[in-house]
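Trainee: Line by line, the protein sequences are chains A and B. First residue of the first sequence: 1, per the working numbering; consecutive thereafter. First residue of the second sequence: 1001, per the working numbering; consecutive thereafter.
Some but not every residue of chain A turned toward chain B, in silico, with C-beta under 10 angstroms:
1. His55
2. Asn57
3. Tyr92
4. Pro124
5. Phe125
6. Arg129
So these bits of chain A aren't anywhere near chain B, every CB distance computed over 12 angstroms:
7. Tyr19
8. Gly22
9. Arg49
10. Asn100
11. Ala163
12. Arg193
13. Val251
Read the hints as simulated data drawn from the structure, not as lab findings. It should be emphasised that the depicted structure is a prediction, and the values quoted were computed from it without experimental measurement. Note that beta-carbon positions come from the ideal geometry of N, C-alpha and C, so glycine has one too.
There are 2 protein chains.
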Amino acid sequence: MYYFLRLRYVGDNFRGFQYQPGLRTVQSVLTEAFGELFGNEVLVKGCSRTDSGVHANDYCITVLTPEYAPDIPPEKLPFAVKRYLPEDISVYSAEYAPDNFHVRHDVKYKEYLYLVDNSPVPDPFYTRRSWQYLYPLPEESDIIMHNAGQYLVGTHDFSSFMAEGSEVASRVRTIFYINVKKSILKSKLFEIRVAGDGFLYNMVRIIAGTLVDVAAGRKKTEDIPEILKKCDRKYAGMTAPPEGLYLNRVVY
Amino acid sequence: MYYFLRLRYVGDNFRGFQYQPGLRTVQSVLTEAFGELFGNEVLVKGCSRTDSGVHANDYCITVLTPEYAPDIPPEKLPFAVKRYLPEDISVYSAEYAPDNFHVRHDVKYKEYLYLVDNSPVPDPFYTRRSWQYLYPLPEESDIIMHNAGQYLVGTHDFSSFMAEGSEVASRVRTIFYINVKKSILKSKLFEIRVAGDGFLYNMVRIIAGTLVDVAAGRKKTEDIPEILKKCDRKYAGMTAPPEGLYLNRVVY
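Pulled out of the complex, with its shape left as it was, chain A reads as follows (with noise of 0.2 angstroms):
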């Protein structure tokens, strides 16, 4: 069987998505806990690298089971091997995949959402699941970051955004929309979303802290379309911390 899944995890303590031989990452612990229910030669698939520390509110994966697996229907899969999940993840849907369906190259769109906690004291219950960024940030902080993330919107060589060294044939991404607003769960909390069809190696995290400059006044607005323009790393701002950093929705 082949199946589809939507999930939710807690990045504190996954070294990112991806395996990796000796860590503890969400493939390896899917792979297991799917290998407890359906046989060993299981294999999942993920929608997207993330890295360590980085959270999930909807994350994909295909599940492919081997021919000798038992056939659970995918309405009870979620119920089924959540015995064998530990408490940072969980399954909350499930479907079969459509034939030739492919976890990452079908996304249409992924949302990112940034959570910028600007509490003066480091709000406990945020600690590893946002930037406590505590030097006191304009009021206005959620339209100056939003006027000057509408600069990153469209499709441009995004070079500037992108950690040194990473290898790729283009850097060329579309950006569908960018929305800074301040949040309705707590005061001094700001959430940047971010939507594309790609995202360059860290990429949203260069975003966030950029627009995080701009809001405190240590880069202009318009310095967004010349640090596009250069294509060099060095001109755009620091890469916020992987703790705020949450894949919030992907679209097929």
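Add chain B to chain A, keeping to what the hints say.
Mentor: For chain B alone, kept in the frame of chain A given last:
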């Protein structure tokens, strides 16, 4: 100096507020942190005992410093003590306490928040931060629980809602309001708010457990006045687990 402070903490890794030899409690961690800042004779008092695993969005303490201690202006105190506090606790405001102020006796009322997450599979972001009640409750459970809760509002003998074996002079308490609603944070999350002038041991957790019993159909709304009248713990519902409980607001 005599300070009044407000703080937040994540309860997972604390054995409640009150000092217990050899255990990690909120009081012992705070006494140690303020001891570093002011000297070892510092005296930390809390507004309430909270159990192991119970959280606080708002908790009040007083800190009495020894005479030789440095006089730190209150507005600087949250930042000064930050370096001595672990990541699961933070002080977010401070002022001088009035003379004769008593942080526990002078409380006018406290509001508790109880979170019931009724997602069919556990949400990893709410593990140990809510009661993960996986058995599906009716869609309108917020209304059912709210209505049942109204029978508890007012001044009553709450013996039925007190953990057995507690020693207390009077079991009469006044509940000012009980509000139950669906959370805006996510679907299937119910928020139960209970405010009162004082609470018996486990009272809010037994109220939450009883309201969930009513939502689940194991008890009826009309049973609530009967349960109150019995003045006997065995007639109320189960004690909901500590991880769903937050001390949410303390008013003087």
